[in-house]
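2 protein chains.
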Amino acid sequence: MKYTEMNREQLIAEKAELDKRFNDYKAMGLNLDMSRGKPSKEQLDLSMDMLNDTDYTESGIDLRNYGIIDGIPSCKKLFADLLGVEPKNILLGPNASLSLMFDYIAQAYSHGVMGSTPWSKLPEVKFLCPVPGYDRHFTILEYFGIKMINVDMTPDGPDMDAVEALVKDESVKGMFCVPKYSNPQGITYTDEVVRRIAALKPAAEDFRIIWDNAYIIHEIYDEGDDLLNIFDVLPEYNNDDMVIEVCSTSKMTFPGAGISALAASDGNIADILKRLNCQTISYDKMNQHRHVKFFGDVDGIKAHMKKHAAIMKPKFEMVLRHLENELGGKGIATWIEPRGGYFISLDVMEGCAKRVGELCKEAGVVLTNVGATYPYGNDPKNSNIRIAPSLPPVDELDLAAQILCVSVRLACVEALL
Amino acid sequence: MKYTEMNREQLIAEKAELDKRFNDYKAMGLNLDMSRGKPSKEQLDLSMDMLNDTDYTESGIDLRNYGIIDGIPSCKKLFADLLGVEPKNILLGPNASLSLMFDYIAQAYSHGVMGSTPWSKLPEVKFLCPVPGYDRHFTILEYFGIKMINVDMTPDGPDMDAVEALVKDESVKGMFCVPKYSNPQGITYTDEVVRRIAALKPAAEDFRIIWDNAYIIHEIYDEGDDLLNIFDVLPEYNNDDMVIEVCSTSKMTFPGAGISALAASDGNIADILKRLNCQTISYDKMNQHRHVKFFGDVDGIKAHMKKHAAIMKPKFEMVLRHLENELGGKGIATWIEPRGGYFISLDVMEGCAKRVGELCKEAGVVLTNVGATYPYGNDPKNSNIRIAPSLPPVDELDLAAQILCVSVRLACVEALL
Numbered sequence: 001m002k003y004t005e006m007n008r009e010q011l012i013a014e015k016a017e018l019d020k021r022f023n024d025y026k027a028m029g030l031n032l033d034m035s036r037g038k039p040s041k042e043q044l045d046l047s048m049d050m051l052n053d054t055d056y057t058e059s060g061i062d063l064r065n066y067g068i069i070d071g072i073p074s075c076k077k078l079f080a081d082l083l084g085v086e087p088k089n090i091l092l093g094p095n096a097s098l099s100l101m102f103d104y105i106a107q108a109y110s111h112g113v114m115g116s117t118p119w120s121k122l123p124e125v126k127f128l129c130p131v132p133g134y135d136r137h138f139t140i141l142e143y144f145g146i147k148m149i150n151v152d153m154t155p156d157g158p159d160m161d162a163v164e165a166l167v168k169d170e171s172v173k174g175m176f177c178v179p180k181y182s183n184p185q186g187i188t189y190t191d192e193v194v195r196r197i198a199a200l201k202p203a204a205e206d207f208r209i210i211w212d213n214a215y216i217i218h219e220i221y222d223e224g225d226d227l228l229n230i231f232d233v234l235p236e237y238n239n240d241d242m243v244i245e246v247c248s249t250s251k252m253t254f255p256g257a258g259i260s261a262l263a264a265s266d267g268n269i270a271d272i273l274k275r276l277n278c279q280t281i282s283y284d285k286m287n288q289h290r291h292v293k294f295f296g297d298v299d300g301i302k303a304h305m306k307k308h309a310a311i312m313k314p315k316f317e318m319v320l321r322h323l324e325n326e327l328g329g330k331g332i333a334t335w336i337e338p339r340g341g342y343f344i345s346l347d348v349m350e351g352c353a354k355r356v357g358e359l360c361k362e363a364g365v366v367l368t369n370v371g372a373t374y375p376y377g378n379d380p381k382n383s384n385i386r387i388a389p390s391l392p393p394v395d396e397l398d399l400a401a402q403i404l405c406v407s408v409r410l411a412c413v414e415a416l417l
Numbered sequence: 001m002k003y004t005e006m007n008r009e010q011l012i013a014e015k016a017e018l019d020k021r022f023n024d025y026k027a028m029g030l031n032l033d034m035s036r037g038k039p040s041k042e043q044l045d046l047s048m049d050m051l052n053d054t055d056y057t058e059s060g061i062d063l064r065n066y067g068i069i070d071g072i073p074s075c076k077k078l079f080a081d082l083l084g085v086e087p088k089n090i091l092l093g094p095n096a097s098l099s100l101m102f103d104y105i106a107q108a109y110s111h112g113v114m115g116s117t118p119w120s121k122l123p124e125v126k127f128l129c130p131v132p133g134y135d136r137h138f139t140i141l142e143y144f145g146i147k148m149i150n151v152d153m154t155p156d157g158p159d160m161d162a163v164e165a166l167v168k169d170e171s172v173k174g175m176f177c178v179p180k181y182s183n184p185q186g187i188t189y190t191d192e193v194v195r196r197i198a199a200l201k202p203a204a205e206d207f208r209i210i211w212d213n214a215y216i217i218h219e220i221y222d223e224g225d226d227l228l229n230i231f232d233v234l235p236e237y238n239n240d241d242m243v244i245e246v247c248s249t250s251k252m253t254f255p256g257a258g259i260s261a262l263a264a265s266d267g268n269i270a271d272i273l274k275r276l277n278c279q280t281i282s283y284d285k286m287n288q289h290r291h292v293k294f295f296g297d298v299d300g301i302k303a304h305m306k307k308h309a310a311i312m313k314p315k316f317e318m319v320l321r322h323l324e325n326e327l328g329g330k331g332i333a334t335w336i337e338p339r340g341g342y343f344i345s346l347d348v349m350e351g352c353a354k355r356v357g358e359l360c361k362e363a364g365v366v367l368t369n370v371g372a373t374y375p376y377g378n379d380p381k382n383s384n385i386r387i388a389p390s391l392p393p394v395d396e397l398d399l400a401a402q403i404l405c406v407s408v409r410l411a412c413v414e415a416l417l
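Line by line, the protein sequences are chains F and C.
Residues 1 to 417 in the numbering used here are what the first sequence lists, from first letter to last.
Residues 1 to 417 in the numbering used here are what the second sequence lists, from first letter to last.
These aren't lab readings, by the way, just hints derived from the structure by calculation.
Any given hint might turn out to be false.
Identical chains blur together in the list; that is why a pair holds if it fits in one copy or across any two.
[To be verified] Listed next, the in silico PhoX-like pairs over lysine-lysine satisfying Cα-Cα at most 25 Å (straight line): (1) K15 with K2; (2) K313 with K274; (3) K361 with K26; (4) K354 with K121; (5) K147 with K121; (6) K77 with K313; (7) K126 with K381; (8) K2 with K302.
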């Protein structure tokens, strides 16, 4: 029965039952973590053979020494194949694609984009942020004082009518996108949305889309989502320079000890290299070499990611089963069943998300800070909760998901009473 | 006999002899490189055992996963001991201290220093550059449009009378120093110079010294130079916040695959962490752990650096021997015999350095770009040449040093004729 259709008496009875369950969980004194998209120990163990590399040479070059700022050729090839671009359009980066994105925005701030006015010299700079989204994107923008404008996500990707209207404002300089298995909803942009993005006619010449392909090959099921390669479409609209794509092996091999890559047009690569030549002598080429030896080619990456999927799938299915069993048909929550990525996005009755977070915390379950999926930590509907099922062992996750569901029900009953 | 005391006839005879030697070298079709301070293969081989680490946990924490932005405690301790500061005053960085320095200047540019006006918002920002110095410091400053002011190096360190006068200008915001075995001269700042630096009273509150201790423990002889720990002295002058120190293992283990560290006051560390929390989730903790396991403690680093010294010493001695034999007493060149570091700095007769570079190139020896040791690539006396003896095998270095000496003599004779 839908909570919204219950009368006061029914709600009080429901609350009494939920209070009892909640207190039972609380009495267990748990300490469970569903806050961040961290791989589990089992997943990290999958890549230990990568560390057996002993011969760090390539084409006679000693990769242990200084140099090769754009990355070693074999590894550039690997990422070029993965991203569907030419090796000349790849720059290999540090251990985190987050730094690639931060440094790119920092560069636009101090030096502009391919000769444009530095953003620091402009009275106002705005970015479009599909919401809910990734908190660390928002943190970068906030650090540089860039005003964030929410754009609602639809099941197909960002609301493109809104995006097309907003880019007519010359102070709108860019947009952050997670186009495949978006964080946190797990939505993959449809071909039509990718085409409409590629066809944008922004007023600002220095408009740049940060295409954070963090979950490029992070399927949970045998049949993954297909994402149109935006670099195949951009030239049709003379927008070759509009997109900066990044990805990393953080969730393939080791978070914090993986490698990242950036794909962009010739012009953007040259622009970034100008800065990079001042910032570093090279990134970690030994680690690049390890990754090439370990994966071999894109098929090797795919085979490896199937091992990750085998660990992730039961976790996602367990959380989704609890959501269905506990919250289904009650009119108090909606969610999307993702086919990949690291998160499940749960929208609870408006005004209740923060209370869910409090209740979970009280019962020993840490969620991502409620609100973090929106710019400035401000979810205007106080509705969205990001669930990260990857880290806990299955038995802990089982409990955590139940506690989450009871907390959602309790928060909604409280609100209705 | 001094070239300057030769008459025209003697110079012509000398030139004829040198031309013959030069052409003989040229006919060998050599391709020798003394341009950059790259360790040799033998040196890189010294650290291969570092790669045998297999257990990446510390205090029960899985270092393969996300997190620990400031670095793992054991590795912070190692660098704290090396630099003579508390672990809380250490941040571990990426694979290159160059990035630590670039990112710090970038932060001051966009956000100021501990609450000061961002440097990007000021009409002019200047930095003091002891010369000759390290080209990559100058490149960072030039990238950010910071005006560089030359300060002459003396055998004791930078000319402190000049520095003390220049910091009275409020637009002078900092200074780059390589205080031990300076690049390129190999000069270690005396205690008095370090004290005078620590005691500076700059007009700018946001004045920052980048203390690039790149050769902190890179001795060539058993008896190395002693550098006063500036962090021990700063508090005496209430200047705790004035210095940002960096170092790295690039020339201890693997260039490009080592780790870097930054030491600074509590206030500076907090200031940097604000940015770092937006820029990355952590640096490579697996690599930090490898370094700790490999070195153990500072004594372990010292023992390891003795192995480097054993390889470097004969190379330095060979170059110095050739300089003495070929250029000694001719009144056309001066140099310093460094007791550590990676370079020998050679000052030839004014106006001749570029010609020496051309002649070397013609005979197949690549030197560091002549002029690179000065801001804007402009050596006002066209006199300084940086010799990097580390990379070539001894037999190649033997030839390269001879060719360099002949080229110096030839260039000077040409100039005198």
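Failing hints, ascending?
Per hint list: 2, 4, 6, 8 violated.
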